[in-house]
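Engineer: Residue-level listing of the chains:
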Amino acid sequence: VKASASLKLVADVRDLQIVDRDERNCGIVDDIELAGKPGGPLEVAALVVGPGGYSARLPGWAMRLVGWIAGRSAVKVPWDKVEGVTSVVHLNVAAGEAGLARAEARARRWLPGRG
Amino acid sequence: LKLAEIFLGILTAVGGFVDVSELVFMSQAGSRFGYALIWVVVLSTIGIMVFGEMSGRVAAIAKQPVFNLMRNRLGLRLGLITLIASFISNLITCAAEIGGVALVLQLLTGAPMRADGGRRHRRLHRHRLVHAVQVDRAKLRPARPVHAGVRRRPRRHPPALGRDRRRPRAAGSARTLQPRPDRLRLFRGRAAQRGDVPLRDLFLFVGRDRGRMGSQGPRNQPADHHRRLRRSARCSPSPFSPARRSCSGRPGSRPRWSERWRFRPGCRSARSGSCSRLLGMLFAIGGAAIETCLANAYSLGQFFGWRWGRHRPPREAPRFTLSWMAVFVVALIIVLTGVEPVELAEYAVVASILVLPLTYLPLLLLAGDRTYMRVHANGLLSKTLGWGFYALIVVAALAALPLFLLTSGGQL
Numbered sequence: 001v002k003a004s005a006s007l008k009l010v011a012d013v014r015d016l017q018i019v020d021r022d023e024r025n026c027g028i029v030d031d032i033e034l035a036g037k038p039g040g041p042l043e044v045a046a047l048v049v050g051p052g053g054y055s056a057r058l059p060g061w062a063m064r065l066v067g068w069i070a071g072r073s074a075v076k077v078p079w080d081k082v083e084g085v086t087s088v089v090h091l092n093v094a095a096g097e098a099g100l101a102r103a104e105a106r107a108r109r110w111l112p113g114r115g
Numbered sequence: 001l002k003l004a005e006i007f008l009g010i011l012t013a014v015g016g017f018v019d020v021s022e023l024v025f026m027s028q029a030g031s032r033f034g035y036a037l038i039w040v041v042v043l044s045t046i047g048i049m050v051f052g053e054m055s056g057r058v059a060a061i062a063k064q065p066v067f068n069l070m071r072n073r074l075g076l077r078l079g080l081i082t083l084i085a086s087f088i089s090n091l092i093t094c095a096a097e098i099g100g101v102a103l104v105l106q107l108l109t110g111a112p113m114r115a116d117g118g119r120r121h122r123r124l125h126r127h128r129l130v131h132a133v134q135v136d137r138a139k140l141r142p143a144r145p146v147h148a149g150v151r152r153r154p155r156r157h158p159p160a161l162g163r164d165r166r167r168p169r170a171a172g173s174a175r176t177l178q179p180r181p182d183r184l185r186l187f188r189g190r191a192a193q194r195g196d197v198p199l200r201d202l203f204l205f206v207g208r209d210r211g212r213m214g215s216q217g218p219r220n221q222p223a224d225h226h227r228r229l230r231r232s233a234r235c236s237p238s239p240f241s242p243a244r245r246s247c248s249g250r251p252g253s254r255p256r257w258s259e260r261w262r263f264r265p266g267c268r269s270a271r272s273g274s275c276s277r278l279l280g281m282l283f284a285i286g287g288a289a290i291e292t293c294l295a296n297a298y299s300l301g302q303f304f305g306w307r308w309g310r311h312r313p314p315r316e317a318p319r320f321t322l323s324w325m326a327v328f329v330v331a332l333i334i335v336l337t338g339v340e341p342v343e344l345a346e347y348a349v350v351a352s353i354l355v356l357p358l359t360y361l362p363l364l365l366l367a368g369d370r371t372y373m374r375v376h377a378n379g380l381l382s383k384t385l386g387w388g389f390y391a392l393i394v395v396a397a398l399a400a401l402p403l404f405l406l407t408s409g410g411q412l
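Protein chains in written order, with my numbering: chain A, 1 to 115; chain B, 1 to 412.
Check before you lean on any hint, since a few could be wrong.
To be verified - Chain B stretches covered by chain A per the calculated footprint, using a threshold of three residues with CB under 8 angstroms from any CB of chain A:
hint: 1; region: 71-84
hint: 2; region: 292-306
hint: 3; region: 317-327
Calculated directly from the structure, the hints in this document are not laboratory data.
Think of the CB as a built atom: it goes at the ideal place given N, C-alpha and C, for glycine as much as any other residue.
With the rest of the complex left out, here is chain A (with noise of 0.2 angstroms):
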């Protein structure tokens, strides 16, 4: 399915693999912002990626204590850095430009120089 062809949203596109362009995991789509005004055609704007996304479809203190062991961040990814979407999220963009290799990066500090 090509980024600009109609399809399902929740069903084909929410809790997928976001894969990047040099095929690495970055992340699920974890909710999908919208954008449109009253009468007007609704388009997709974003993925929403990270536990901040989880807001809208956690009941408050599940999300409370999200928020406690993950935090809230949320990384929002433009729609058109979407390339395709099959069994994955393809981008068209590294993860890194996406926004989307910070907590990789977090996490790389904790470990030793080399491996």
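Place chain B on chain A using the hints.
Structural biologist: Leaving out everything else, chain B in the frame of chain A:
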């Protein structure tokens, strides 16, 4: 090359599937029911094959690993519940396996399982009241609560029946109900038939009484076996270390369970056979511990979309690497608290049964989805077997917790 692949497959099967949970549950079932439940092993092996084949097919065609798929199909809420339950189950299993490795190492080397030589562990158990039910072979009657870990006077025990007259009876023991342990001879091999180191001791090792293992043997054990054990207590608990006196041999004394794993002096074949068995157990449980550690990291990586895979260098998959390291440390801490590994394994198995229908269902749905799988979707046989086993595990999951609670973890 084919032969090497088959060999590798067998190694993987042993390393990945034979772990402490299997050893515990199979041994307990064997000690209580003999061969009456052997059909369960056959049935569950077919179930594992169906599940494994479907997982591999889905991963190869849909390019989606199980937890990724589960989240996509079940949604975030139910997916998170499944992830947490699975994580806890795997963590407990990992702790049990690390404990199992420690137990086998103790049997092999004679070194204490814990750094303090088990003193703290024994102290913990001394004050623990275990409400056990003593079962008479002739008539079932409830027994007095028994203090686990406290040395009991032999005269307090009711007289045992038959050949077990000389020793204290097993209290709250699953082994009190053993029908005919001699059936286990098939597994023991020729060395065991000569009365050397039977697999029965493995049953003691993983048996129901756990901490009380050392004091009470199986009820149908010949009395001379006890005399032999007491005599052989003069040997080292380790097959590799020189002989030393480690058990008093007094009537009513409580040799530790590890001291039950004895070798008749001078019998090399039994010694080497038992060492081989222990080494096999060490590699199987050790391999399973590593696999379980990684399994938790895989689950997290797949669920949250991280880079994962053991073939990746740690810095390429840092969250995955940190996850399995954290799982290992937490599991180790659990073991160091002094909890019995066998008890942990039981809890882990019950937890994994509860979570199994949730992890199995998305896989089954996707394997039958022709949009994703096209020509590789489930056929009639796969569909029948898949749904048949799904119904079976749902029934097992529904029954597991009530049964576990009603039978006090299988002790009644």
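Engineer: With reference to the structure, classify each hint as holding or not holding.
Structural biologist: Here's how the hints hold up against the structure:
1. 71-84: Coverage by chain A holds here, the residue count being 7 at a Cβ distance below 8 angstroms.
2. 292-306: Satisfied; 5 residues make the cut.
3. 317-327: holds (count 4)
Hint violations for this structure: none, all hints satisfied.
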